[in-house]
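Which chain is which? The protein sequence lines are A and B, in order.
Using my numbering, read the first sequence as starting at 1 and increasing by one per residue.
Using my numbering, read the second sequence as starting at 1 and increasing by one per residue.
It is worth saying that the hints were derived from the structure and are not from the lab.
A portion of the hints provided could be inaccurate.
[Claimed, not checked] Some but not every residue of chain A turned toward chain B, in silico, with C-beta under 7 Å:
1) S48
2) T87
3) S91
4) R97
Every residue gets a Cβ at the ideal spot worked out from N, C-alpha and C, and that includes glycine.
Here's the letter readout for the chains.
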Amino acid sequence: MPPTVPTGTTSFDSSLPWALHPQVSLRPESFGALAYHFGTRRLSFLKSPTLLAVVSSLAAQPTGRDACTAAGVAPDDLPNYERALTTLAESGMICERRAP
Amino acid sequence: MTLVTTERPTTGRPTTERPTTERLVDQFQLGLDAPICLTWELTYACNLACVHCLSSSGRRDPRELSTAECKTLIDEFERMQIFYVNIGGGEPTIRRDFWELVDYATDHHVGVKFSTNGSRITPEVAERLASSDYVDVQISLDGATSDVNDAIRGIGSFDTAIRALERMAAAGFVGFKLSVVVTRQNVSQLDAFKALADKYQAQLRLTRLRPSGRGADVWDELHPTADQQRTLYAWLLAHGEQVLTGDSFFHLAGYGESLPGLNLCGAGRVVCLVDPVGDVYACPFAIHDEFLAGNVRSPGGFDRVWKSSDLFTDLRRPDTGGACRSCGSYDACRGGCMAAKFFTGLPLDGPDPECVLGNGEALLAAVGDTVLPQSSPDHSRTSPRTAPGGPDLSGPSATPVAVALLPRRPDRACDENPLAAFDPHSHPH
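Turn these sequences into a full structure, and let the hints steer you where they fit.
See the structure below:
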C-alpha cells in the first residue's frame, strides 16, 4: 500500500491537547529517541531525552504546553520545544487530540 | 539547537532538514541500541544469476534458518523495536514460507520492504501487496532497455521485471520502488529509468555497485568511470527528493555539496545484515569473515551480537580518518565505503576506490595483481570464479574453503561472463 500522507495536519498549537499518532512507535536511544510512523514510513530523530519525555506524556496532559512543563522544560526553552513539536505535527508524528 | 530531524528511512533522505548536526552523526558513529536499517537475506536461492550479485546467490544453503527460527528472530526484532526490515536474498519469494513470514512480521509490528526480481509478482500477489499497509516492494532492474539489463541480470529478466511493474501499477500500488544498481553501462539511462518509474507510479531508487560477492568479478568492467560519477552526482543533485539512494553515494560528497542523507558508513553502527544461515555481518556489502560479528543462533541471539560483539564494538570506536585525515573533503565523504575498499584490496582507513579526488586510483594500481579478499560463502550455481580445469563447485559437496583457494578474478573476462562480448557504446539510450 502506498504510504498514506497525513491529511489535515495543522501547525502545532501548544494550547491544544495532543497525542502521539496511533501508527507511531518510539524507541528510546541515548541521544533521545527514534520515532517511526508505520503509515508514512517516516523516521524522526528526537534529539533530546527531554523531548522524548514531552512526546511520551502528550496524551496524558491537557495541552502541549503542559506536557512540556511536566517534562521539566524551562520557560526560556519553550520556543525550542514548540518548534520541535511543530515539525512532528507537520510530519504527522503527533496529532491533535479531541478533548474528552 | 534543532531538536527534531525527520527522515524517510527507506531513502536516508531528510524531509524537513538535513541531519547534519555533528552530535547526531557522532551518536550514530557510536552505535544505537538497535539498527535503523537491517537487511535480512532470507535465502541464497535465486532463479537468476546476476553477474554483480552481492551475496553470490544461486543455490539454497541447507543450513538456512527454518520457519520457526525466522519467527523467533522476528520476535527478537519486535522486542528490539526494529521498525522494519529490508528483506532480500537471493530471491526471497522463492522460500515456501515467504508470505507466512511477511505476515508474521507485520503482525508483530515489524514492517517489511522486500526486494525481488519480479518473477513471482502475479496479479494476485500484486493485489495482496496493494492491500497491505506494512509491506513495501522493490523491483530490481539494471537497464532501462532489455539489452543493457539482460547482460547483467540474464536473458528475459527485463521482460519479467516490466511485467511485474505493470501488475503492481494495475493493482493500484502507488510508490513501490524501482531499484537500479548504477553501472558504466546504464548510467546514460538515468532519465529513461526515471521515466519508467513515473510511468508505473513507482519511485526510482539508485544504488551504488559494490565489488562484493560476484560483483568483485565484474567491478572493473561495470563500475562507473570518473566522468560518469560526476554526471551521476549532478543528476542526483538535480533530482533531489524525487529519487531514493539509500544513502548509497555519500562518497560523491567529495565533489562539494553533500547529497541528502546521513553521509556516513553505517556498518555495524546503524546498519547490519543477517544472512540466510543467521550470520550477522556489518553491512549487506561485506559478506566476509572479517566483517562477521556472530550468528543469531548463538546464545543471546541477535540482540547480543548487535549490542556486544567484538566486531561491532570495534566499528563503533571513533574513526581517526587514517590516510584521509588531512584531506579537505574527509568531513564530507568520511572516507567512503568500507566494503568497496576491502574487496578492492585498499586499506580501510584510506580513500574509497572511487574517491572523486582520484586518491583511490593510484592505490588501486599499486594493489595490482595481488590476490584479493573475496566474499566468504559462494552459492553461485556456476561459479564465475571457477577457472577451466578448476574444482567443480556446483556439486553438493562444494565448500567455501575450496572457493577461497582460487584467485578472485580471472585474468580477463572469460566466455562464461555474459559481459564478455558486451560493448556499452553499441547501446545508446
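A quick look at each hint next to the structure:
1. Given the 7 Å rule on beta carbons, the hint for S48 (chain A) holds: about 6 Å separates it from the nearest Cβ of chain B.
2. At about 5 Å, the closest approach between the beta carbon of T87 (chain A) and any beta carbon in chain B falls short of 7 Å, and the interface hint on this residue holds.
3. Because the beta carbon of S91 (chain A) sits about 5 Å from the nearest beta carbon in chain B, less than 7 Å, this interface hint is met.
4. This hint is violated: R97 (chain A) has a C-beta 19 Å from the nearest C-beta of chain B, more than the 7 Å allowed.
Hint 4 alone, counting from the list given before, is not met by this structure.
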